[in-house]
Amino acid sequence: MVVSQWSCSESAPLSFPTRITQGFDRALRSTRTVIERSEALKVPSNQENVTEKFAVSAKNIYKVFGRRPNEAVERLQHGASRDEITELGTAAVIDASFDVLPGEIFVVMGLSGSGKSTLIRMLNGLWDTTSGTVTVGGDLITGISAPKLRDVRRRRISMVFQHFALFPHRSVLENAAYALEVQGIAREERLARAQKTIDLVGLKGWGHKMPSELSGGMQQRVGLARALTADTDVLLMDEAFSALDPLIRREMQEQLLELQTELGKTIIFITHDLNEAMFLGDRIAVMRDGRIVQIGTPEDILTDPANDYVAQFVQDVDRSRVLTAASVMEPVRATVFASGGPRAALKVMRDLQTSTAFVISRDRTLQGVVRDADVMKLVRKGVTDMTTILSDEYNAVDENTYLSELFVPSVESPLPLAVIDERGRLKGVVPRVTLLAALGNVTTDTGELQVMEPPLTVSTDVITDALDASDTSSDAKEDAR
Amino acid sequence: MNDFLRIPLGQWVENGIDFITDTFGFVFDFIKLIISSVADGMNFVFTSPPFWIMLIIFAVLAFVARGWLFSLGTTLGFLLILSLDQWENAMDTMALVLVAAAIAVFISVPLGILAAKYRTVSTIVKPVLDFLQTMPAFVYLIPALILFRIGDVPGIVATVLFALAPGVRLTELGIRGVDSEVVEAGQAFGSSPGRILRQIQLPLALPSIMAGINQVIMLSLSMVVIASMVGAGGLGQPVIQSLSRADVALGFEAGLSVVILAIFLDRLTASFGSGKGYFRFIIESFNVRGRRAESAAVDAAANSDAATTEPAELTPPVR
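In order, the protein sequences belong to chains A and B.
All the letters of the first sequence, read from the start, carry residue numbers 1 to 481 under our numbering.
All the letters of the second sequence, read from the start, carry residue numbers 1001 to 1319 under our numbering.
In case anyone wonders, no lab produced these hints; they're calculated from the structure.
Ideal placement from N, C-alpha and C gives every residue a C-beta, glycine not left out.
Hints may be right or wrong, so weigh each one.
Unchecked claim - Beta-carbon label-pair distances, calculated as ranges:
| # | chain 1 | residue 1 | chain 2 | residue 2 | range |
| --- | --- | --- | --- | --- | --- |
| 1 | A | G205 | B | S1222 | 50 to 56 Å |
| 2 | A | S145 | B | V1259 | 55 to 61 Å |
| 3 | B | T1123 | A | N307 | 26 to 32 Å |
| 4 | B | V1045 | A | S242 | 53 to 59 Å |
| 5 | A | A186 | B | V1128 | 44 to 50 Å |
| 6 | B | G1025 | A | D151 | 48 to 54 Å |
Said to hold, decoys possible - Residues from chain B shown here face chain A by an in silico Cβ test under 10 Å; the list is partial:
| # | residue |
| --- | --- |
| 7 | T1075 |
| 8 | V1183 |
| 9 | S1192 |
| 10 | L1204 |
Said to hold, decoys possible - Which residues of chain B face chain A? A partial, calculated answer using Cβ under 8 Å:
| # | residue |
| --- | --- |
| 11 | A1188 |
| 12 | F1189 |
| 13 | G1190 |
| 14 | S1191 |
| 15 | R1195 |
| 16 | I1200 |
| 17 | P1203 |
Construct all of the structure, not just a fragment, from the sequences and the given hints.
Put into structure tokens, the structure is as follows:
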């Protein structure tokens, strides 16, 4: 895979083709994650190996600030609520458990005060857990000595901060090289390696500047470069883009995805912005009042919220940027096999009362569409090959395309959008009404909403006649033989 | 007045001091030996060269710190001191101030660091500092006089105690004021506490620490004058003389010399902390030039070996 450079201009919007490419990148990525996920779920018999399968694993972690934290945890474990233990301390995180898979972007989402920043600080031991264990890449990091903890931080886990937290008295390059300096790598080598990540995040030529000379977005790129130079498998990002203005935030999000695809880091991303969570996350943990209320893929959370709180939360989400064509598509009703011939096609179209049908090959690869009038002509002529009348007057989209990118093709095409997978196989269709229903979170399978298909342009009787006629004519031919 | 409730606190303290002098006399003799030799050495440095050498040194320092205007003012100020016949005394005072301030900084900055790091140290040190700061300055002179007898040393010890507080307070404040996220960043990449202190907290707290050092020096100067009551040399001598003789002329001349010294020391040390003047400029331009050259060299290296090594190193392991 070739490492591409980030563009240096921050305000230039990404062109449309780039977005499409990113869509595919993301598609590839999620496929890969799915594969890894299924591998990870093959639970090995040896229990010790289970934790090593996960990049980061948290088990029943609690964090209580206050005078008697242990007592508070005990009461929480026995079912006390957060408000009931206020005299013992403030419970910031209550019984959080989750496993993060290698190469995954795991987003922790919640409003301020929900405990997400506390949670992330327990994952690299900046703060101790009051109870529970955290494992990073197979190393237990709770309850170990300070030097051991520092060693884990150097080797396994790095962090990007909300307000950048750059060292203001050091140049951009020295900032980026910091992790290597701590690891005791010689100056020459660490600066050379830092220069490479500086280039990678699109700051080529800015290495000798001081952080104060950079804009916010560029400063956060330095923060990212500093974390990437450490070359750890796990990257913690604490509201990393929250302090940036919306345009730059969007650009950084897209570039983070791009970078993640290339470098395959495990990223744990904290945010209060649900759209950001939905855009970045392979999986999302929603937090409320110190507890994780739901963990799931963006689609799970959007379509199947665990409780009213999550449901209320997701109602403002831009669904068109989360749902994909595959998640809303309908089964294709009118499909005909290219090898089946025009008579079979015409029968199907008559039975379904539709004027067009998708033509697929035996392995379900989409060939094109045919119209009833054209098919009927062929039938009348007695031709058995449909390739002459195959039309490409349809729009096909990849199954991982976001709904926001379906509107234009949907408007341009008179037919429902064909949804295909990466091998060009027809998976389903997205009629316009489905698109609208998906945005409004209305189910289309209740039967009340009719999926509109273009009605027959030729009347049923005429078709039947034509079929009968061709029957007799073919019978006649056979007779003649 | 109130014989019943009179607590003989003063008597107890006196007994305590007596006990200390009797038991630990040798310790104080030792301290006295060290301080007096340092003070004598410093005195020698300031008073032995002819005045014009010192004048040139001060003027150059002033120029480096703030520029030509301050340099000119310094020259005129010290010429005035010379013409008032207070040069010797002024140099004595300068030596005493520097020794006292150096000892005070040597104690107060580490104490401030400890106080910033450990809450318990902070809670213990705070009332002690309040005590030291508000106790009338003359009172320090009494035990100092008993423990170290007459001369420069009790003056220096009393001055150190008096000048300690702002050094500790501003160091603690400066280190506590360093952005906690930046410190967390150091921790998150696996830095040891010592490295974080050295590379992050101290450099970022430097302006505040320098302000503290500036205050230490200014307080030392004011105390050194008072310390002449127990026999410390310098500009305090003519001040006390004029006080006992009601000599307005001498008092004014000596007092003015103190003011000139104070302004010089204040402006000079303040400029180190706030980054004014050529001092900072010289350091920075040197650093930036070094960095430019360095990053250019790194660029060149990266470009030259780009064809061979770069793809191999940058390509991530395919999962």
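Which of the numbered hints are not met once you compare them with the structure shown? Violated: hints 3, 7.
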